[in-house]
Amino acid sequence: MAANGTIRFLLDGKLCELESADPTETVLNYLRYRAARTGTKEGCAEGDCGACTVVLGELDGDSIRYRAVNACILFMPVLDGKELITVESLRAADGSLHAVQQAMVDTHGSQCGFCTPGIVMSLFALSKKDGAADRNTIEDALAGNLCRCTGYGPIIDAAEQMQMNVSATDPSELKEKVEALKALSRNQTLALTGKSTLTGVEKKYYAPVSIEGLAEIVEQHPDATILAGGTDVGLWVTKQHRELETVIYVGGVAELQKIEDHGDTVVVGAGVSYTDAMDTLGALYPDMGELIRRIGSVQIRNSGTIGGNIANGSPIGDSPPALIVAGASLILQGGDQERTIPLEDYFIDYDKQDLRPGEFVSKVIVPKPKNNQHFRAYKLSKRFDQDISAVCGCFSLTIEDGMVADVRICYGGMAATPKRAAQAERAINGKPWCEETVLAGMKAMEQDYTPLSDMRASADYRLASAKNLLMKVYAETTGSARTRVLERGSAVHAG
Amino acid sequence: MPGKTSEIKGAVHKDLRHDSAHKHVAGDAVYIDDLAEPKDMLHLYVAMSEKAHATIEKIDLDAVRSVKGVVLVLTADDIPGHNDVSPFAGDDPLLSDGLVEYIGQPIFAVAADSVEAARAAAARADITYTELPALVSIDQAMEAGSAIEPMQTMGQGDPDSALAAAPNRLQGSFRIGGQDHFYLEGQIAFATPQEDGDVHVYSSTQHPSEVQHLVAHVLGRPTNAVTVEVRRMGGGFGGKETHPAIFAALSALAAVKTGRSVKLRLDRDDDMVMTGKRHDFRYDYDVGFDADGNILGIEIEMASRCGRSTDLSPAINDRAMFHADNCYFLGDSRIKSHRCKTHTVSNTAFRGFGGPQGMLGIEYVIDDMARALGKDPLDLRMANLYGKIGRDVTPYGMTVEDNVAGELMETLARDADYATRREEVTAFNASNRYVKKGLALTPVKFGISFTTTHLNQAGALVHVYADGSVHLNHGGTEMGQGLFVKVAQVVAEEFQIDVDHIKITATTTAKVPNTSATAASSGSDLNGMAALDAARKIKQRLIEFAAEKYGCPTDRITFRNNNVYIENREVAFADLVNQAYLNRISLSATGFYKTPKLHYDRASHKGRPFYYFCYGAAVSEVIIDTLTGENRVLRTDILHDAGRSLNPAIDIGQIEGGFIQGMGWLTTEELVFDDSGRLRTHAPSTYKIPTASDRPDEMNINLYARGRNVEATIHRSKAVGEPPLMLANSVFLALKDAVASVDEGTKAFTLNAPATPEEILRAVTVRQQKAAG
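Each protein sequence line maps, in turn, to chains A and B.
With my numbering applied, the first sequence corresponds to residues 1 to 495, in that order.
With my numbering applied, the second sequence corresponds to residues 1001 to 1773, in that order.
No lab work stands behind these hints: they were computed from the structure.
These numbers were taken from a predicted model, which means no experiment stands behind them.
Where is the CB? At the ideal position from N, CA and C, for every residue including glycine.
Stretches of chain B that chain A covers, calculated by requiring three or more beta carbons in the stretch to come under 8 Å of a beta carbon on chain A:
#	segment
1	1017–1026
2	1624–1638
3	1649–1655
4	1679–1690
Please work from the sequences and hints to get the whole structure.
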């Protein structure tokens, strides 16, 4: 077993062992400037354009799960124990193109070619999924890959063509890889040290493998940056050019990656990716599934976590408003102590959360829906996919005999934190569920929020659309009129 | 006789994949940042102004120089030649000379061992600004009378009298947003010093000759001291026409000063802040029309945000005026165009080059007229098309001789079931309270040629090697549009050899000099003809050689399917070439082309600025959410005239890509400058170009089957780069149609572009209030 302090991963089927240099070096920079693998491109360095898309293979029992991720915001040590696949990996030994690549050639799927390697990798990851992908799935698989030339039609055609031509993985090859990955698994914390080439600052990186190990390291380093998917923290490095001195990666802690069904509730580990949470939560609350889908592209959802979306305390994170109206609570752990708080109490003010030194977000407890409970979540943004909400409005409403028995309304993007609409709730609760009540609720909402104007939307739009969303909930819970231009989430499940 | 029916691979008018497609998909296509970096290469970082308008009182860069790894700091004082990288006006300092006029203007540059060191060092500069009043918006500039050149006027007849006499008259105003190019490969240059103080620059540019010229200008050297090379760009769209000179000149200057290779690659944010965009416009109109909606007279007033310098804004705004008519005969007309100088980044070329804004304007006017009359806008569009004598002269005095707009529109309306779907949309809207549909069919007529006449020239260089393989070079650049493969097809067709025998090579100023930008959709028209000229010269020499050698008349010699037929004799092309070589026949030639028939007097805005027009039409169906303003395009049908297309597959790709890019411009892509002049949307997290799911659920694209250029262009094809972008006007007008449907009244309302959810909800609310009141 290799000593701690070495990053080990598979690349083109071979073991790569790297002495730690700078723990926050990105995989993209490693590939392009140290490994002479320039097929992977930088288009934005913030996980939005997908030109840097690579695929990670991770052990999943006796199989390997392949997922597309953005290399531009992925730190090198996160590769530890995984298989890295880049566009250079795909061609056969005889130089012939992979079926995905050939499909892109055949359908005229590339023009300038700069986004193409990333698109090929997203389609490659899609090809590793079971079953044929429909048009929505294909478009979703491509949502994190911007192409400025083609208009996407030929790329969608390529995705359809490739599905017919991709050959199944050779079982002996798979077995070999599984064994190779098993040999890389760790039973103790990976600890790396490195030095910033720029400032000479000493950098530390820890990847514990148990929750006890994590708790211990967080207590020892209360100021450390906790890294889960890196879809936010990665940008601190690539966009804000910050030096992160101590990073604690939670992705190796198995207990945090679990989703457990506890009867009335589902407990989601803080390290569970959006991808893994989406289906479970979407089955309970269809609109929550669709909201999580729209949090970000496949690449972002594969990396980013529900825990991270909560822990960073952003006023525009999409999962908190939805989880708050669902009545979720949060388990925080510090040392061997756990405490449970209502999720909404975690958010105190802008950039201020109820998180004590040495504590970390451990789990989210999500109640299952009850009879007569209507759950709705709406995300308003300039673009449907891979955009940040201008307004995220979430509603839980229990109607009994035409009366509002319970109501919870929470918005993102309307205040410094995800915030309940207390006045609007008061105006609605206990009232008959009718248009008059809705109008009163809309009016009361003006007392709840004083939103900001920014590049995503004006204050006027935020307030007006937030109010209108209540009318939309009313329309959706009382009639069958079409209310959405994108018929997904509850709009589909209702029909 | 063999080969009679078989055909070469890569003949013109046939689908052929992009020459680099197999490399794109494998990650093997090399872009400038992929080139191997020499060990001692330096990275350059550009420090930008933090103020929109200020003088620099004091600048102390000692702390910058003291950072470990910093090798050189460049300021305006270090420029040996001219501190200017403008295309012609002389008002684009490479580095600030003490005045800054936009947030993002380059002030100094740092060369260091790593880009991180250079960036960190730049942050240590101590700069004291004295702020001056900043004009950020069009309205502010108009009020202050701030312009980059005097207002221009174009038109004919007596619009004042026509307006006064018209039975119906309507005034309106709306705004059209700008657009960032968002090429996936950001701006980059990589300079290597040569002997004698010369320099070689790899530049991601659509205009190598201008970059060469400006680098020499900055270095104070003759043009022949500089070589500029580009194999391919990761997208251009006009954004790599003038701006690459900044980065090429800075890296060349640093390379010459340090004797080391220097790379300057902008990250996405710096790129978006530092480089210009599509001009945003304010559009006002006053139109007179009869009861049937025929335009009787019109005055159009456009004002655009040009930014801090002239750049290409005069020609861009001229093109907006040239397209203020689109496909319509305006009669007595006056078109006024204000070119506002603002303290924002200097706006520049972007696919369509002002045409889209001018064209959207007149579509908007006709839509307003139709709503005022309670008619279907398509009826008014058809009624106002250019027609026969008396209705065929544009406001700039050019006769429209090749008009197929009406035929395209009628065909499209029929094939896309416009009439039936109009009824369906009306029925849908009547039965839906919260969501509404809209439908619009709009045409495109786009003038082809650089409106600056002398730019309509091109050169090519063709070598045939003794083994029959061909080396092809021309002044055009490849940015994904498929120019290289089209020109290769032209040469393959002429020599009648498989296109695989033709080596496509990087554009370099050392092979073909004094070229024009690959812009104005002209790439294939100009370079295809220049390459044809070169190939024909060599072919003629081969014919004359064969005639002499085999003793037959030249008119009995034909090239077909990789062979040359000399009367009854069949000789492989490669064999004839080898024989010619052994007989000392020159097998290399330059080619040249200049577009005929052009003349234009800018002072009076009269003449024939265009060789011909491109036409197309699109019909789009959309749905909007009246509670949130969210919207989607459900279906788009396009019929486009690419003439006799050189490569239908490539042209379809241009049409679809252009349409989606135009759709982004008019829907999700919103540039937000705050009051201080700072761009707030400078990365894909905040600036939203379309993604895969934004593509209409159903999209049908067809080339006009009878398309054939009436002018003698390269194989009677038509340019295709820019015109399809404006097919997206149909999306905007369909959204306007959907907004209008919230009320049955006929009063006009405003919908500004881009039609974001916020803008649509605003317009819906106004329309609903009008209905209520």
